[in-house]
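Number of protein chains: 2
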Amino acid sequence: MSSSEEIAKSARKAGNVLKTLSNEQRSDILFKIHDGLKANKDIIEKANKIDLQVAEETGLSSSLVKRLDLFKGDKFESMLEGIKDVANLEDPVGVVKMARELDEGLTLYQLTAPVGVILVIFESRPEVIANITALSIKSGNAGILKGGKESVNTFREMAKIINAIIEENESITGVPVGSVQLVETRQDISDLLNQDDYIDLVVPRGSNALVKQIKSSTKIPVLGHADGICSVYIDDKADLEKAKRISLDAKTNYPAGCNAMETLLINPHCTNWCDVINNLILNGKVTVHLTKEVKDSYFDCLAKSNLLNDEIKSHVVDVDETKDFDGEFLSLDCAVKFVNSTEEAIRHINEHSSKHTDSIVTEDEAHANLFLKGIDSSGVYWNASTRFADGFRYGFGTEVGISTSKIHARGPVGLDGLVTYQYQIRGNGQVAGDYLGAGGKKAFIHKDIDIKTVNL
Amino acid sequence: MSSSEEIAKSARKAGNVLKTLSNEQRSDILFKIHDGLKANKDIIEKANKIDLQVAEETGLSSSLVKRLDLFKGDKFESMLEGIKDVANLEDPVGVVKMARELDEGLTLYQLTAPVGVILVIFESRPEVIANITALSIKSGNAGILKGGKESVNTFREMAKIINAIIEENESITGVPVGSVQLVETRQDISDLLNQDDYIDLVVPRGSNALVKQIKSSTKIPVLGHADGICSVYIDDKADLEKAKRISLDAKTNYPAGCNAMETLLINPHCTNWCDVINNLILNGKVTVHLTKEVKDSYFDCLAKSNLLNDEIKSHVVDVDETKDFDGEFLSLDCAVKFVNSTEEAIRHINEHSSKHTDSIVTEDEAHANLFLKGIDSSGVYWNASTRFADGFRYGFGTEVGISTSKIHARGPVGLDGLVTYQYQIRGNGQVAGDYLGAGGKKAFIHKDIDIKTVNL
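Residue numbers (full-length UniProt numbering), protein chains in the order written: chain A, 1 to 456; chain B, 1 to 456.
If we strip away everything but chain A, and leave its shape as in the complex, we get (with noise of 0.2 Å):
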């Protein structure tokens, strides 16, 4: 047995136990990390110390230092308080969703129940695997956990702490060892993902081309997103400040992060539509890359309002249709095109976006509802800045990650992405050949229960 399945089977068989705990005992242990990590402060702090030097003696860019150092600020205290906040969440495990009296005495219940073994790999912030331990045990999962190696000293140490606080409490709260493995090495983790037998789902959390890479080496499910690829839509009947704030925000706010505004679709009837441009050049200093169409209209626009200066000028260039439309700039930069109606705008955006979010702009309710109907878009906003595409304005408590996958879970995900569900039947001794349809004569009730009088 190679050691990856060692480890997959070692996660699965914790998996099988935490499914039986109770939300009280995956809770106590996160308690008791909480403490054990805080008590431990001193030796991750040498370890955090020794990542930094080695990061600095590689000529590590600076900012991507200043990301490794958890000692920086309240840092350390606030993944401390990320583990109780998660410990504290309603118990994502076990909701019913469904109740159905199928027959007196044999009742049909979905409730929610673990997804089984996670392999979350993740970049190199070290917190961040305080942070992961907490949302699988808390959904009752069994995590494979592998961080960026740069701070593999830092996670090396709390690995080893977490793991022998479970260990130690294994018999008061009934968390098993092999809750929770940190792996290693580049080859743990191609090995991990042929563990389909497994492994029920792969949550990678980095860059767009770690994601990409996972999604075509295996056949586990992968909660993530490889692009965000988001568009606007600044419709005929958008109100022209609307129109200026939310491109704005949406391109400026945070232009590396994947619900920025990669691409900006205008219909030229817009009445006064370049001043959604001059905007973007002026109070955002954005380069906006032109079709020849819009570039020519903008500026025969510019020359009839005395606009045309060197500044503007330095913020347009040509779009190159081949790729603009098509990958996302993560920069101060925007594709800008014509569309000249509602259903123009669905059209390119079905075809060139990521099924990520995309918004329209627009004062006309007809076209509103066409462009939310007919967008294939996790997100789909009418008069909302795309910068809403997060976890944490969903109300969501805690973002596992953003989701671009149609199916299990889709845009910004909570504890809820990290669940499935069952059902169950309870009965006094039913069998399907006393009903219809199996050779019985007996008929199913089929009445369906509120689910807020069930109490299992």
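Just so you know, these hints were derived from the structure itself, not from any lab.
Note that CB positions come from ideal geometry on N, CA and C, so glycine has one too.
Please note that a few of the clues may not be correct.
Going by beta-carbon spacing under 8 Å, a handful of chain A positions derived as facing chain B [claimed, not checked]:
1) L102
2) L106
3) S207
4) N208
5) L210
6) N253
7) C270
8) F329
9) D376
10) G391
11) I407
12) Q422
13) R426
14) Q430
According to the in silico footprint, chain A covers these stretches of chain B (three or more CB under 8 Å from chain A) [claimed, not checked]:
15) 183–191
16) 276–283
17) 369–378
18) 381–390
19) 416–430
20) 438–452
Fit chain B to the supplied structure of chain A, relying on the hints for placement.
Chain B in isolation, oriented as in the chain A frame:
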């Protein structure tokens, strides 16, 4: 462009239109398809006769030939009825699952939405093409359909009629050409399984071998089950009558069903457990595959009660531990093993079952709850036969298939297996930069709205 890519692309295009149509439009075309198939009964019957003739000439078994015959009894009429039944179901699209006020005038909704493009691969029963056409259009999905080659003439004729009706009525119903496409060859399928850019979900309805082969040859998510290894566990606290009834029904009601019992786990502390096996043999003509331990005890017990006769002996064989617990018999056979506790039963099932449906027979609530929480299958039952795992018995109106995947759709899947969800935000110009966490000062309200009051 390959022909498969063309098919997949045009399906995607059709799906993007279907997504925007109302329930009335989607149902309307189904009624028209119903009428069209009814009016063209003679043409379909002629094509079906050719399939039957070919089948007889090539020496297909008479039971298979019977399945191909669309005009035996009222099969054709119930196929037509089925289309109307699906058309009359409640709209599965646009159902509000969650609504939350993020801020004044800024509201988040979670709504069901079509998956997009589904590829359905099914066996030779000719009526299935009508059923799948109805299900996919009703749920707003474009469907690419491939049926078993034995019914190729019937399928081709029906697809021609369905597509002619869609084309004729496109200007009225809005349902576009390309919504339903029939493909005919195996080569088409293997090419289509590579079109993961355009196809969102594969639904194989057929033999386990087919499902397994498809699962291992595509990156597209597959809704289906490759195996149905279901277990019944007779606990030490089982009621003997329930144990006998449930095990007999689970094994013999329909042995070829995926929800039939393949493994019987017995706690030897259950008083008179021998009767459970006697009942299977004498009343069910079941051949029991016993472990050495079970066989020894069973024969002891028979000897004591003077029941050891030739009939019973002829139904007892030695279990093959290398495979009998890990595969389906799909016949009147059953593997039997002792387990000494609920925990041991859970461990055996989680290791060997196919995560389909498993049942515990017990009067002990604690044992039952442990089993219901611990088993990692889509169906977990207490004192009920595994044969209840079925969309019609669950009251789903219609069944798309049974899934042993752990995410998206588990267990019996109704129309909800063909939908996913989207998040909508409706605002009036809000931007993220005004809010805390993104540079601003405003706080989110995050007030849940009762979905019953939502009317979009």
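Evaluated hints:
| no. | hint | in the structure |
| --- | --- | --- |
| 1 | L102 | 7 Å, holds |
| 2 | L106 | 6 Å, holds |
| 3 | S207 | 20 Å, violated |
| 4 | N208 | 17 Å, violated |
| 5 | L210 | 17 Å, violated |
| 6 | N253 | 5 Å, holds |
| 7 | C270 | 15 Å, violated |
| 8 | F329 | 18 Å, violated |
| 9 | D376 | 6 Å, holds |
| 10 | G391 | 11 Å, violated |
| 11 | I407 | 4 Å, holds |
| 12 | Q422 | 6 Å, holds |
| 13 | R426 | 5 Å, holds |
| 14 | Q430 | 5 Å, holds |
| 15 | 183–191 | violated (count 0) |
| 16 | 276–283 | violated (count 0) |
| 17 | 369–378 | holds (count 7) |
| 18 | 381–390 | holds (count 9) |
| 19 | 416–430 | holds (count 11) |
| 20 | 438–452 | holds (count 4) |
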